[in-house]
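Chemist: Each chain is listed here by its residues.
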Amino acid sequence: MSLLRVSNLTVETSLDGKTLVDDVSFSIEKGESVGIVGESGSGKSLSALSILSLLPNGVRKRSGTVEFQGQEIAAENLQNIRGNRISMVYQDPMTSLNPMMKIGRQIEEVLEAHDLGKDSARTLAALESVRIPEPEKCANSYPHEFSGGMRQRVMIAIALLLKPDLLIADEPTTALDVTIQRQILNLVNEQKRANNASILWISHDLGVVAEMVDKVIVMYAGRIVEVGTVAEIFENPRHPYTVGLIGSLIKRKHQQKMISIPGTPPKPWTVTGQCGFADRCSRVLPNCTQQKPELVELGRQSFACFNPFEGGLI
Amino acid sequence: MALKLEVTNVSKRYVSKSKDRTIQALSDITFAVEEGKILGIVGESGCGKSTLSRIIAGLESPDTGTVQVTGKPHPVISKYVLKNRQRTVQLVFQDPYSSLNPRQPIYKAIDEVVAIYQPALTGSERDERVSDLLGRVGISRDMSNRYAHQFSGGQRQRICIARSLAANPEILLLDEPVSALDVSVRADIINLLLELKSQFNLTYIFVSHDLEIVKHVSDDIMVMNAGKIVEKGSWNEVMENPQDQYTKTLIEAMPKLSRRE
Ligand SMILES: Nc1ncnc2c1ncn2[C@@H]1O[C@H](COP(=O)(O)OP(=O)(O)OP(=O)(O)O)[C@@H](O)[C@H]1O
Ligand code: SF4
Ligand SMILES: [Mg+2]
Numbered sequence: 418m419s420l421l422r423v424s425n426l427t428v429e430t431s432l433d434g435k436t437l438v439d440d441v442s443f444s445i446e447k448g449e450s451v452g453i454v455g456e457s458g459s460g461k462s463l464s465a466l467s468i469l470s471l472l473p474n475g476v477r478k479r480s481g482t483v484e485f486q487g488q489e490i491a492a493e494n495l496q497n498i499r500g501n502r503i504s505m506v507y508q509d510p511m512t513s514l515n516p517m518m519k520i521g522r523q524i525e526e527v528l529e530a531h532d533l534g535k536d537s538a539r540t541l542a543a544l545e546s547v548r549i550p551e552p553e554k555c556a557n558s559y560p561h562e563f564s565g566g567m568r569q570r571v572m573i574a575i576a577l578l579l580k581p582d583l584l585i586a587d588e589p590t591t592a593l594d595v596t597i598q599r600q601i602l603n604l605v606n607e608q609k610r611a612n613n614a615s616i617l618w619i620s621h622d623l624g625v626v627a628e629m630v631d632k633v634i635v636m637y638a639g640r641i642v643e644v645g646t647v648a649e650i651f652e653n654p655r656h657p658y659t660v661g662l663i664g665s666l667i668k669r670k671h672q673q674k675m676i677s678i679p680g681t682p683p684k685p686w687t688v689t690g691q692c693g694f695a696d697r698c699s700r701v702l703p704n705c706t707q708q709k710p711e712l713v714e715l716g717r718q719s720f721a722c723f724n725p726f727e728g729g730l731i
Numbered sequence: 094m095a096l097k098l099e100v101t102n103v104s105k106r107y108v109s110k111s112k113d114r115t116i117q118a119l120s121d122i123t124f125a126v127e128e129g130k131i132l133g134i135v136g137e138s139g140c141g142k143s144t145l146s147r148i149i150a151g152l153e154s155p156d157t158g159t160v161q162v163t164g165k166p167h168p169v170i171s172k173y174v175l176k177n178r179q180r181t182v183q184l185v186f187q188d189p190y191s192s193l194n195p196r197q198p199i200y201k202a203i204d205e206v207v208a209i210y211q212p213a214l215t216g217s218e219r220d221e222r223v224s225d226l227l228g229r230v231g232i233s234r235d236m237s238n239r240y241a242h243q244f245s246g247g248q249r250q251r252i253c254i255a256r257s258l259a260a261n262p263e264i265l266l267l268d269e270p271v272s273a274l275d276v277s278v279r280a281d282i283i284n285l286l287l288e289l290k291s292q293f294n295l296t297y298i299f300v301s302h303d304l305e306i307v308k309h310v311s312d313d314i315m316v317m318n319a320g321k322i323v324e325k326g327s328w329n330e331v332m333e334n335p336q337d338q339y340t341k342t343l344i345e346a347m348p349k350l351s352r353r354e
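Top line first, the protein sequences correspond to chains A and B.
Numbering-wise, the first sequence is residues 418 to 731 according to the working numbering.
Numbering-wise, the second sequence is residues 94 to 354 according to the working numbering.
These are calculated hints, taken from the structure and not from any lab test.
Check before you lean on any hint, since a few could be wrong.
[What the hints assert, rightly or not] Taking lysine-lysine and the PhoX-like style, the derived pairs with C-alpha atoms no more than 25 Å apart in a straight line are:
hint	chain 1	residue 1	chain 2	residue 2
1	A	Lys670	B	Lys290
2	B	Lys110	B	Lys349
3	A	Lys674	B	Lys349
4	B	Lys110	A	Lys674
5	A	Lys709	A	Lys670
6	B	Lys165	A	Lys670
7	A	Lys668	A	Lys684
8	A	Lys609	A	Lys435
9	B	Lys321	A	Lys668
10	A	Lys670	B	Lys321
11	A	Lys670	B	Lys110
12	A	Lys435	A	Lys447
13	A	Lys478	A	Lys709
14	B	Lys325	A	Lys609
15	A	Lys478	A	Lys519
16	B	Lys325	B	Lys165
17	B	Lys290	A	Lys632
18	A	Lys554	A	Lys478
19	B	Lys165	A	Lys609
20	B	Lys165	A	Lys668
21	B	Lys130	B	Lys325
22	A	Lys668	B	Lys110
23	A	Lys674	B	Lys290
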């Protein structure tokens, strides 16, 4: 049994039913780290937010199920799972920190909400675990008194407070400088190992994902186009979109033309009954514009393509 | 090779908003770029790279020090100069959304720059020049009566580049030119920039926080930290044998993708 299983998830705009996430399915095992990569608007965040029914106003789930340890997540068990078994960290820590409340108090509120009482030792230990210097002083400060990197540490401390089974991290380092990003990445890896937690790490940065996860999900225009281990995705990508992305990053010669993908990604809802990558694809076949390619599994790799690359990065 | 840009002992200090502190944005910056080369400038937020860009572009004056282009002092732009003089340094910004006027067809955005810099052209010559510039960046003439919002981020950046080229610059100052773009579009724009550089015989200053991209495009790399140059050298020296501790930390911090090669 998987720790988490998302099946046939479709998300649409509430107003006019435009498809934003199209038939997404994936699973995460206990202790496994999974990454979702894809560009802006490909549906990474909406897929992740759907897990805990945290979709923003204006969008809703059209269909699909999310199971946690074999049990469907529904209204009844949501409160118990959220924060406790599954927690989430966002790109901008200020979206989830209360600017008017001291940090120590915010941590205590989480503990109280889960009937763990006001436990100041635990609060300080949590801040210490993410290597915040002077945890007492931090507990007594407001979020705005800290830099972005420090706030993100506080967020991670809160997210890991109840030792969740799964941490969902939606671009938690995108807004940070590289040296600060490095500290956060190391910190999460350390904590993950200590708790044997699973991670769902979302990023448009393939380098970060390559470092953080075991398995990579590649999304394009609202759909999953390829899934595989980091090694498979980087050394033997099959979907032409993945090949283009990886190629531009690792197959480059100084100042020489990089492998590139012409054009721009379409809006998910404009893709109907065909491959969403067809008008940018160098391997397009007549079939590709008449039918949607389904995700098929081949060994431990899956891809949605009628004419995939075979063997090795070109 | 002739020196295209010389920045000598440039310093700049700002007074904080509350007026109780001064911030040394740049301290004693000295470097030169040879004609036809690409200098990459890397550093993290607040290191002074944007202040330096504005000073090189002539949008701001340094407290001390000089900026020379082809051996001549590069003056700070007054509104008058901006409208009437050929600018040898053109800036391309990170955000192609905010640098185009939303109420203007993009043809007009290029045409008005051509009109300023080549006032002697006849109507049809001007039209030819606009079409040529758009063509060079891969935007077809029949798309040119559309407005900025009708283009994708990558296309808008192409339009901004065409507009910079309309001023016949010798130096393009590229300030994070691909950071705001979709990942799959970045390589395309980088390829275009490298192509245009040789077509137009340009010199580039490429400012970015992204060491991977800087490493790919630059002849020389300059690393900045806290308003100072901490290291500069040829791209492979800096990347493969960094001397400064901060440079080492920065390279060490890069996600390990490039180490998979
Ligand atoms: N509240 C909303 N109302 C309407 N449309 C939305 C809403 N939130 C997201 N969308 C749309 O849904 C699509 C997928 O968005 P999503 O936020 O999941 O993308 P993403 O992959 O996380 O992108 P990014 O890298 O920019 O974070 C986009 O086209 C987006 O414009
Ligand atoms: S299905 Fe066809 S168009 Fe789509 S990626 Fe594969 S080959 Fe290209
Ligand atoms: Mg997102």
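Chemist: All hints, please: hold or fail.
Modeler: These are the hints, each one checked on the structure:
As the CA atoms of Lys670/A and Lys290/B are separated by approximately 17 Å, the hinted pair is consistent with the 25 Å bound. At roughly 39 Å between alpha-carbon atoms, Lys110/B and Lys349/B are farther apart than 25 Å, so this suggested pair is violated. Note on Lys674/A and Lys349/B: the hinted pairing holds, with a Cα-Cα distance of about 22 Å set against a maximum of 25 Å. Proximity of Lys110/B to Lys674/A is assessed by CA-CA distance (about 45 Å); at most 25 Å being required, the pair is judged violated.
Taken as a hint, the Lys709/A and Lys670/A pair is broken in the structure, with Cα atoms around 35 Å apart against an allowance of 25 Å. Annotation: proposed proximity of Lys165/B to Lys670/A is violated, straight-line Cα distance about 35 Å (limit 25 Å). At most 25 Å may separate the alpha-carbon atoms for a hinted pair to count; Lys668/A and Lys684/A exceed this at roughly 28 Å. With a C-alpha separation of about 37 Å, the suggested pair Lys609/A and Lys435/A falls outside the 25 Å cut-off, and the hint is violated.
With a CA separation close to 33 Å, the supplied pair Lys321/B and Lys668/A exceeds the 25 Å bound. For a cut-off of 25 Å, the pair hint linking Lys670/A to Lys321/B is broken: about 30 Å separates their Cα positions. At most 25 Å may separate the alpha-carbon atoms for a hinted pair to count; Lys670/A and Lys110/B exceed this at roughly 45 Å. Proximity of Lys435/A to Lys447/A is assessed by CA-CA distance (about 34 Å); at most 25 Å being required, the pair is judged violated.
A C-alpha spacing of about 21 Å is found between Lys478/A and Lys709/A, which places the hinted pair at or below 25 Å, so the restraint holds. Among the hinted pairs, Lys325/B with Lys609/A is inconsistent with the structure: their alpha-carbon atoms are about 38 Å apart, more than 25 Å. Distance hint between Lys478/A and Lys519/A is unfulfilled; the C-alpha atoms sit about 35 Å from each other, more than 25 Å. Between Lys325/B and Lys165/B, the direct Cα distance comes to roughly 24 Å. Compliance with the 25 Å bound is thereby established for this hinted pair.
Restraint check for Lys290/B and Lys632/A: not satisfied, since their Cα atoms lie roughly 40 Å apart, outside the 25 Å limit. Note on Lys554/A and Lys478/A: the hinted pairing is violated, with a Cα-Cα distance of about 43 Å set against a maximum of 25 Å. In summary, the hint linking Lys165/B to Lys609/A is not supported, as the alpha carbons are separated by about 58 Å, beyond the 25 Å threshold. With a C-alpha separation of about 41 Å, the suggested pairing of Lys165/B with Lys668/A is violated against the 25 Å cut-off.
At most 25 Å may separate the alpha-carbon atoms for a hinted pair to count; Lys130/B and Lys325/B meet this at roughly 14 Å. Straight-line distance between C-alpha atoms of Lys668/A and Lys110/B comes to about 46 Å, which puts the hinted pair past the 25 Å bound. With a CA separation close to 13 Å, the supplied pair Lys674/A and Lys290/B stays within the 25 Å bound.
Hints 2, 4, 5, 6, 7, 8, 9, 10, 11, 12, 14, 15, 17, 18, 19, 20, 22 from the list above are not met by this structure, while the remaining hints are.
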